[in-house]
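Enquirer: As you go down the protein sequences, you meet chains P and B in turn. Following the numbering used here from start to finish, the first sequence increments by one per residue and tops out at 357. Following the numbering used here from start to finish, the second sequence increments by one per residue and tops out at 1506.
No wet-lab data here; the hints were simulated from the structure. Every residue, glycine too, gets a C-beta built ideally from N, C-alpha and C. Where hints are given, some of them may not hold.
Stated by the list, open to error - Here's a subset of chain B near chain P, in silico, CB distances under 7 angstroms, partners left out:
hint : residue
1    : 1014
2    : 1321
3    : 1322
4    : 1324
5    : 1330
6    : 1339
7    : 1343
8    : 1344
9    : 1347
10   : 1372
Stated by the list, open to error - No more than 25 angstroms apart at the CA atoms, straight line, and that leaves these computed lysine-lysine pairs for BS3-like:
hint : chain 1 : residue 1 : chain 2 : residue 2
11   : B       : 1367      : B       : 1308
12   : B       : 1258      : B       : 1368
13   : B       : 1186      : P       : 210
14   : B       : 1075      : P       : 235
15   : B       : 1233      : P       : 236
16   : B       : 1308      : P       : 236
17   : P       : 235       : B       : 1476
18   : B       : 1308      : B       : 1332
19   : B       : 1400      : P       : 4
20   : P       : 235       : B       : 1420
21   : B       : 1258      : B       : 1400
22   : B       : 1367      : P       : 347
23   : P       : 347       : B       : 1070
24   : P       : 236       : B       : 1365
25   : B       : 1266      : P       : 210
26   : B       : 1176      : B       : 1186
27   : P       : 236       : B       : 1476
28   : B       : 1067      : B       : 1187
29   : B       : 1075      : B       : 1056
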Amino acid sequence: MNAKIRDMIVTNFLAIAAGLILSGLMLLLLKINPIPVFKEALTTIITDKYTLGDVFLKATPLIFTALSFAFAFKANLFNIGAQGQFYMGSIVAIAVSLQLQGKVPTIVLLMIVFALTMVAGGLIGAFIGFLKAHYNANEFLVSMMSTYVVLALMNYLLRTFLKESKGEYPQTDALTRDAWIPNLLDGTRLHVGFIVAILVAIGVWILLYKTPLGYRIRAVGSNASAAEMSGIPSKKIYIITFFISGALAGMAGFTEVNGVQHMLIQDFNSGIGSAGLGIAILANANPIGIIFASILFGALNVIGNLMGRMPGVNVPASIVDLMQGFVMIFVIVSYFFRSYLENRREKLKLQKKAVGE
Amino acid sequence: MEAPYFELRNVSKYFARVVANKDISFSIGHGEVVALLGENGAGKSTVMKILYGLYKADEGQIFMEGKEQKINSPKDAMALGISMIQQHFSLVPAHTVTENIILGNVHGKIDYEACKKTVKNLAQQYGFDIPVDAKVSDLAVGVQQKVEILKALYLDAKLLIMDEPTAVLTPQESEKLMEFVKNYTKKGNSVIFITHKLKEVMEVADRIVVMRNGILCGNLNSKETNEIELARKMIGKDIVPAERKKEDTKQEKEVKLKVNRILVQKKGELPILHDISFDIKAGEIFGIAGVSGNGQDELCEVISGARKVTEGEILLNDEDITKLSIQERIEKGMGYVPVDRHRDAMIMNMTLSENMMLKTSFNKKWKKHGLIDKTKLDAYTKKAIEDYMIKAPGPDAEAKGLSGGNQQKVILAREVDNGKELLILNQPTRGLDLGAINNIHTAVLEERNKGKSVLLVSTELTEIFDLCDRIAVIYKGGFMGIYNHDELTTGKIGLLMAGYVREGEV
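Looking at chain B on its own, in the form it has when it is part of the complex:
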């Protein structure tokens, strides 16, 4: 039997406090697409970073065509023909496409014209339409990803590792990427695809390696399996989707949040948000769909008070809150789960109790004789841990010891309680595994049924469709339109997210 192109044998990696990988063995052949499937934190990225030389394995070996290889740095990996496209691109925004692609691989005087020609040829070979002279900062995310791929191809990569490549793409862009993968592997090259999206896996992979909790728990041929089996392997149990209770929408409810013609613009720059108007009624989930980076984060910040508006007004329960501080808005009953929980919502080296009072530290309810009422705070935290089924040793556990999903549940518990009137959720399930997503969806729907207003920003279309009563599509800081839940299809929303105007108006 011919030796596989690359093979990992019994690779293990320990970080302080966690086993990232334990006894991982699998191989990849020439011309094969392998999908590495698993929930977040399952150890997919870690094992690939070992193959790419970013991490050093504590145990185990790597073979290339039957011969053992020591890969100590990405440079070694590249020499063997391995290239990895990270989740966060490693491009220099201020440089042109060509400069980025040749970065680190030219010496002495650079013949730009020759380089440009090489890059152009390479791009044409794979049907990429890329302006070689444009600055990377001017390019859309999808195009930047192509630049990253070209960079790998320029180095003559034979094995391309892609870490969650479709996370930043529109459905249309994803399709194009899949086409490229098929094209590329036809030439005898191989691709490893890190993902947690089942649909992509079934579509493109020849073989699927499933990981859970750092262990390999399945190595399947894609033709001999199905999505349900994969999901079960990935999670370890069956999933019951959150049920969205149908409400009769005819009954008019009072408007809680009203946003009126918001404009956010820095002097001399294009507006970050323009002409945004909408309202959310009590007991309604208002969704904002769009490719990330189109103004969603800024919109959430404007409503929560972290960012000032240039023009426009925000009303909560008919009261103008445009000028109020974050603190005052919290007191008015606004809960906010920001997109970057590590940066903006949690203090990792503090305990869960301390994190639970992060937003209400000015509130008298936590004070007793001038000191923090720890008994009360701990009881409150304990209740949150029970109600949200947070896996944590107790209120005194440090936040950083929890998994991402459990950290998010802590934040959600806090914000659901703070947000007596309005709950703003920016990508509340990003990076979470299916089990945790399910929990969070159930909790959000429960709050809606209790009569709260929810603003949900998400790039996951399934999440938007599953939860929202009304959906707005955002593109380059403006709304493409506001639709009722049943007015949109995946195809239609995809076009809107990419900035195409509604059919019929074209």
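With the rest of the complex left out, here is chain P:
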């Protein structure tokens, strides 16, 4: 087998194992024996259909936000605002769905909502790209701060125009079944959105590596000066890239509102932006790798929840974040370890060759 692929599989596996073991040790500090806890959690995941479905359910929005970060990253841009773009998508999804439900057939409604969430997230992205292209604004900061603006807007709307009819909580009315994304598997919460996410990931891969536009985006990302000299307008590319990046995050609003929550509440999925960023790095910004990395994070999420709900043992719910954090750190370390391994291998090869001469 190719040494590079072998390294990749082995180091990633070790990194995940190390992350889990270290989280287990933290449990020991809480005077909880981690072995039965992990064993129980893993058995449930494998045997319980509903729980297994949840792994993919949780992975779905992560695929979108990770793609969002990865896509901009290919143009050497940093979109830290996937969370905000996701919220914008969610606002549009709930507002449009509430208006249209019952009036148009479900499939039409879903397609309209899907398209509009893309546009909503995309416009936020394009605005950041515009500021970057024309005023050389730091897209890192602007995109990060844009999340707070959208968050404030969402909170405002939840208290005013979108507030539920009962008027008790800052949340919207629930959607009727007409506006739900159809289920994928009976007996689970898993919906068709997961398939959409995978198709979008493949689409992003094709766009990036097989089309002239993707080629130009990567060219600008790898060497903006050479691209500019070759007649590729980098400013335009910045705006296009940020539009697509934002649109990808916006799509998560569609799958989460119409597929899972069926309403919009405060502090909705607050961690998927930053988790997506980590997943994108974990997958080395490769769209296909992102699918698998997202499923891994979905699984960690579910394991954490299971452990938190386990009867008899008092595992704190925050153990999820801890586990994800540890795995992330080890995976990133493994990335550097891999490049060290490869360098050493190349060097040895040379030394051997030189001696052999």
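Position chain B relative to chain P; hints supplied.
Expert: Showing chain B alone in chain P's frame:
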């Protein structure tokens, strides 16, 4: 026998993927000038950077007067009396000459007057004429180099390593530098000269160390060798120079490119280019000679569309293209090889195929059902690899894995094809070895014979003389004149490059 001043024994250095040096051993005596000769990428700079403490050798030892020394940083090297003048100077442009020279070697309150006096004395000792109070940014490149040398002398360097010192100098300035080297070594100091120019080597060196592909392949006394032997050692084979077919120039051909009174100027600054007018006919190579940094790069950018003109117009085949974008000019048949290929012409982490379509990514010829037609692109790249004898594993190889000469050939192949009408070449052979230079010269002459117009910018006079039909000399953004191929001599062009007006007008 007396131990040599410095000696390297079996020094090896491996970078990931390349052997930079393998078993390099040579020595340098007191008062000796050693030339380190080799093509680019032969490992000359690397071995010197090891001696100067910038790199750490993977194997081998360094001895000073018979005693082993560990040199871990330039600071250690300086303590032993070694100083290195890098190809790119390490001066602070906004500071004065004196400030630059004393940089890092003064503490507490600085007595500027005393420092100035020391620097002045030092300069006089070697016959340097340097304004000690001037800002470095105001000085010519040749003078900046002298400042670098003074910096080394100020630290009492006994061994001066110079990396391609004449690359940025006019012929006259180079001569002065050689004089200094002779002067300096007379006092018992030593000089190591990194170069790939045979002429300099024969002129100044006592001993010549030749390197090829990271290995030492010759250690010769300069009196016992000649240029032909050195060239063979350096390249490993004989070189047949590209033949320039004599054409009868009387026959008038149509003008392809016409440049009319170009001015490029930022508000409130001196013009970068002024009053530039010329035309290039079909089947003609128009050369622009000059010391680098006199507006050549800007002129190429103006014609290629990367830089806007303040005034003036550019016509291609009688069509005004002054306002057109880079993309539109490429479509009109303009090929451009910029001077900095790493920055402006190539994407190192992309494949050769991808690099081949860099300039034509908007062109429909690469599209099939909305996707990139990879089969067609690969076939096109494969043909370029064969036609230009590019040493590469295939169209899917990454550009960064190729040697500089082969990267340049990829760019040339692309631009020759893009430039159906006009080919702009800015220093197309800079940093390349003789074999690759030869290949590129042959290719350029072939394109000329096919009837293309070529604009060739070069600081290498031999290149200008070998290839060009007409030659313009550029100095401080303006032309010193346009001459026919046979109207100029090395001496005359040297004076023009330095800004002296033509003889007869003086």
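Enquirer: Against this structure, judge whether each hint is valid.
Expert: Comparing the hints with the structure gives:
Proximity of residue 1014 of chain B to chain P holds as hinted, the smallest CB-CB distance being about 5 angstroms (cut-off 7 angstroms). Checking residue 1321 of chain B against chain P by beta carbon gives a least distance of about 13 angstroms; that is not within 7 angstroms, so the hint is violated. A distance limit of 7 angstroms between C-beta atoms decides the matter here; for residue 1322 of chain B the minimum to chain P is near 16 angstroms, and the interface restraint is violated. Hint status for residue 1324 of chain B: violated, given a least beta-carbon distance of 10 angstroms to chain P, over 7 angstroms.
The interface hint given for residue 1330 of chain B is met, as the beta carbon of that residue sits about 5 angstroms from the closest beta carbon of chain P, less than 7 angstroms. A cut of 7 angstroms between beta carbons decides the hint on residue 1339 of chain B: the least distance to chain P is about 11 angstroms, and the hint is violated. About 5 angstroms separates the beta-carbon of residue 1343 of chain B from the nearest beta-carbon of chain P, less than 7 angstroms, and the hint is met. Because the beta carbon of residue 1344 of chain B sits about 4 angstroms from the nearest beta carbon in chain P, less than 7 angstroms, this interface hint is met.
Among the interface hints, the one on residue 1347 of chain B holds; its C-beta lies about 5 angstroms from the nearest C-beta in chain P, closer than the 7 angstroms criterion. Hint on residue 1372 of chain B holds. Least Cβ distance to chain P is approximately 6 angstroms, under the 7 angstroms limit. With a C-alpha separation of about 31 angstroms, the suggested pairing of residue 1367 of chain B with residue 1308 of chain B is violated against the 25 angstroms cut-off. Taking the CA atoms of residue 1258 of chain B and residue 1368 of chain B, the gap is about 37 angstroms. The hint is violated against a cut of 25 angstroms.
This hinted pair does not check out: residue 1186 of chain B and residue 210 of chain P have alpha carbons roughly 65 angstroms apart, beyond 25 angstroms. The straight-line distance between the Cα atoms of residue 1075 of chain B and residue 235 of chain P is roughly 44 angstroms, outside the 25 angstroms bound, and the hint therefore fails. With a C-alpha separation of about 51 angstroms, the suggested pair residue 1233 of chain B and residue 236 of chain P falls outside the 25 angstroms cut-off, and the hint is violated. The hinted pair formed by residue 1308 of chain B and residue 236 of chain P meets the criterion: a straight-line CA distance of about 19 angstroms does not exceed 25 angstroms.
For the hint pairing residue 235 of chain P with residue 1476 of chain B, the CA-to-CA distance comes to about 32 angstroms; that exceeds 25 angstroms, so the pair is violated. For a cut-off of 25 angstroms, the pair hint linking residue 1308 of chain B to residue 1332 of chain B stands: about 18 angstroms separates their Cα positions. Between residue 1400 of chain B and residue 4 of chain P the alpha-carbon distance is near 19 angstroms, which keeps this suggested pair within the 25 angstroms criterion. Of the supplied pair hints, the one linking residue 235 of chain P and residue 1420 of chain B is violated, its CA atoms being roughly 28 angstroms apart against a limit of 25 angstroms.
This hinted pair does not check out: residue 1258 of chain B and residue 1400 of chain B have alpha carbons roughly 37 angstroms apart, beyond 25 angstroms. Among the hinted pairs, residue 1367 of chain B with residue 347 of chain P is inconsistent with the structure: their alpha-carbon atoms are about 40 angstroms apart, more than 25 angstroms. Distance hint between residue 347 of chain P and residue 1070 of chain B is fulfilled; the C-alpha atoms sit about 23 angstroms from each other, no more than 25 angstroms. Pair hint residue 236 of chain P plus residue 1365 of chain B holds up; C-alpha atoms about 22 angstroms apart against a cutoff of 25 angstroms.
A threshold of 25 angstroms between alpha carbons decides the hint, and for residue 1266 of chain B with residue 210 of chain P the separation of about 42 angstroms lies outside it, so the pair is violated. Taken as a hint, the residue 1176 of chain B and residue 1186 of chain B pair is honoured in the structure, with Cα atoms around 16 angstroms apart against an allowance of 25 angstroms. Straight-line distance between C-alpha atoms of residue 236 of chain P and residue 1476 of chain B comes to about 35 angstroms, which puts the hinted pair past the 25 angstroms bound. Between residue 1067 of chain B and residue 1187 of chain B the alpha-carbon distance is near 23 angstroms, which keeps this suggested pair within the 25 angstroms criterion.
Distance hint between residue 1075 of chain B and residue 1056 of chain B is fulfilled; the C-alpha atoms sit about 14 angstroms from each other, no more than 25 angstroms.
Taken one by one, the earlier hints fail for this structure at numbers 2, 3, 4, 6, 11, 12, 13, 14, 15, 17, 20, 21, 22, 25, 27, listed in ascending order.
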